[in-house]
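Please put together the full structure from these sequences, using the hints given.
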Amino acid sequence: MTAEALSLIVFLPLLAACVIVAAPGLSALSVRLGLIPLPLLLLAPTLEVLDQGTYRMALAGHNSPLGIEWALDPLSLLMLWLNTGITILVSLHASYGFPPASEAGRRFWPLWLILFASMNALVLSADLFNLYVTLELVTLAAIGLITVEGKPLALRAGMRYLLLALLASLLYLLGVGLLYGQTGTLDLYLIAERIEISWLPVTALSLMIVGLLIKSAIFPLHAWLPAAHGNAPGPVSAILSAVVVKVSVYMIWRLWFWTAADWDLEAVALLLGLLGGAAILYGSLAALVQVRLKMIIAYSTVAQLGYLLLVFPLAGNLAFKAAVYQMLSHGLAKAAMFLAAANILHAIGTDRLRRLAGIDQRMPLDVFALALAGVSIMGLPPSGGFLAKWLFLEAAWEQQAWGWLVLVAFGGLLAAAYLFRVLAVVCLHPRRRLGQRSRRRSPTPASWAALLLAIGAILAGFFSAPVLDLITAGLPPGLGSR
Amino acid sequence: MADLGLYVFAAALLFGIGVYGLIVARHLMRKLFAINIMGNAIFILMVTAARPLDGAPDPVPQALVLTGIVIAVSATAFALALMVRLHRETGQVSLSADNESGGDDG
Amino acid sequence: MMALLLDGLIVLALVSLAVQAISGRSLFRGIIHFVVFGLTMALAWARIGAPDLAMAEAAIGAGLTGALMMVAYRRLVAQGDNHSPRAPAQKSRLAIPIAVGSGLLVGVIGLGALLADNPPGEAGLIVLETLPEYGLGNAITGVLLLFRGLDTLLEIAVLLTALLAARALAGTGDSSATARTQHPETPLVGALLAVVIPLTILVAVHLLRAGTHETGGAFQAGAVLAAAGVLLVLSGRVSRTDTAGPLVRLGILAGLSAFILIGLMPLLYGEALLTLPGMWSIYLIETAMMVSIAAALILLFADAGGLKRDRRG
Amino acid sequence: MMDVALPAVAVFLLLNLVAGMLRVYRGPTLADRMLAALLFSTTTVAILLLMAEWMAMPALRHVALLFVMLASILSLAFVGLPRDADEEDT
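Chains as they are written, first to last, in numbering that gives the first Met the number 0: chain L, 0 to 481; chain W, 0 to 105; chain X, 0 to 312; chain H, 0 to 89.
In short, the hints are calculated from the structure, not lab data.
No experiment lies behind these values; they were computed from the predicted model shown.
The beta-carbon is built from N, C-alpha and C at its ideal position, and this holds for glycine as well.
Take the hints with a grain of salt, since some may be wrong.
To be verified - Example chain L residues on the side facing chain X (calculated, C-beta under 8 angstroms, incomplete):
1) 2
2) 4
3) 20
4) 151
So this is what it looks like as structure tokens:
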């Protein structure tokens, strides 16, 4: 069952994309067929993981020194759910901006489905080179979606993203080649067993991590992100911030905590943590001075991604749980924010902050979604973001790492500052007139998609126990005891 | 088979040239030359990093490089299309212009 | 001694061509240098002992990338890009130190890996050991289709994605892209085509067939086929349309969908995903991939949604 | 004997290639460059065939075959290029 389900999770969206290209008349149907069955398909793997812990399948019947294996453990299962859940809700929104039967929709949906499938394939893969191929597919599909409307700002942002992404892939690829030369395999778990630590594998690992840091836009390699995420079409911004940048962080975690589990690299861990800290500070401060709503949200992503790196210096049970939880709750909240911003942009015609005064009366659902998601980003109780940050604080407290503790707390304050700035403008200016700009209305389901995601981010604070249990079950080797 | 050390040397030089080009070149097409040249350098290293089998290079890295070449041409083709469109919209073939956060219609 | 001289010359050519491509004055020359760089790179692969890579590099890395670059250059010129031939270089004092540093780093890593006393790659040994069981002679085709099929499948998806993304770019916006130059019928071109096109198809099929037991394979064959298509487009025998006809759509999708469907089949009778059920499936997938690669590359070259035969042809 | 003669001829052909490169570099007209580029592919085919013999690697003959096919196509692609863009640099 599990093998069939996992195969379809990757191939069904790909086939749906093929059908749209082959028979545009069937596009509405195939979009549905490529997305809606996915949560059902995920049930079998979920039961398998709850029951057995880890599930591995050798593709084409060739296992690991040579063949490609898929490995499903609790962490990859959570990533699959994150990707599926957010993609489906964002798709609901996108089906209004890009109706499947329209000309724009026929350009949009194949790329969207390929992006979805490739992220599923990436999360499952346990093979370093296969990860490279999936990551390229993710990147190309993502950039294709950024530029799909052909707006000059998006084109330029996409071009910059593409050049940096190509550079990043090359660094990663060089590392893969070196590790193959050292170990004669590409399986990331097998490499962990075989490798003897010396300067060469450490260099290979560093190259791969630098490449992935570029792809996940970690400060100071973040330069491409705000423009790309801030200028892409709304649903695309949502998926980029919520999932696409996360999958490369996921790859860093895999490499660090599994492949390089036994290596003693404290200095590098500290460096990565410092980069994360710098990202939190820089991203938040930059978000404070932006004039456009989508750019604020994009810089907020730069900041929130920083938390995901704190897991390296704080390495331990609690910090890992915190980081995974941050990944999930930030995904939900950020997708909600971008969708709400897209609705506002659609209705008002601009997302310049000073022209958004008083829209809470006209677009209550969207503003509510924005506020709810903001609660989670700021880390206020009872949201999922609160829980993640609380776990970080607890981890720092336990290790008496006061610097990190202050940083996490201060990051929350900064997030509150830039988000309250938005909410203040939106809600507290009853006297400004809206004038002639109130032309269009977003369709209600598009607002509901944003609201559902935001509610999800809040609910993540209440129903955390099963997810945390799952993360605990899937802790990397060596971290469980600490 | 040839002296692989010489080709490793070539790869190092090519990578350096590519990095230089990527930083210095303005025109996007030249940046693409640079990235492709760097890619070739890395492909050479991938093949030379594995011990040869039976006097020929290990087939696995060769297959990986073959995949890498096809991916490189796909990415290059898309980048070229993007460059042409960017030029049509803005009249520019470089990324040096700023004000990315501006623009009313986002 | 002579061998060393030969290798030295190849390396020298590679390096000087790379420098020329990046820093030469005119962009057009840069493209020529880049193409010749790719051809020289093919010689290098031949010397390293990787004929499959030599072929792929010549066909895809140099030939088709070069053709794509030239046609992009032509579009830039048609759109009135007049500063490109002399685009000034950005001034950066850090460029040379960074370039030298990264070159050194790569050199040290490469030499370290070359001199490291590793055991031969276990994956490679398994390939050579198990390959005869499948009746395949070419280890690389074996790795690409039998042992690591998912890589190849996703790689076709990458090509398709690049095509779709590029098409989305061309599809929006104004109609200037549809304006085409006229192709006056010239006697020489017609005669050349009459010889070259059948030959190319013959060579492509030969390379495809050869891929199972010696050098060759779907990618190389697809590139040759694409070259024939490029020729037809250039000579105006085939003209571009905005939307693809059913045949072209089938061509684009054949590789990916055939691979996925055949790859899913084993699940029906309880075998592992992507287990290929026999030689027939290898031939089928390779043929479909060849067609898809050719179709995608031709459409990318022509910047077209579809193709149709011109009445004159 | 053949072990020296074949690479020697290959080296000679490579030197030819370098001379051709100079022509690509100096032009002055598009046609000169195009002819030089054509010379490349012809010479490369010869080198590959020599290598196939000398390195005992018959697969390289396939590569040479592919080169021949591509040469004709590249030359046509050159012909299709616009004239106004590049002729001013001599």
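Against the structure, the hints:
no., hint, verdict
1, 2, "holds, 6 angstroms"
2, 4, "violated, 10 angstroms"
3, 20, "holds, 6 angstroms"
4, 151, "violated, 10 angstroms"
The structure shown violates the earlier hints numbered 2 and 4.
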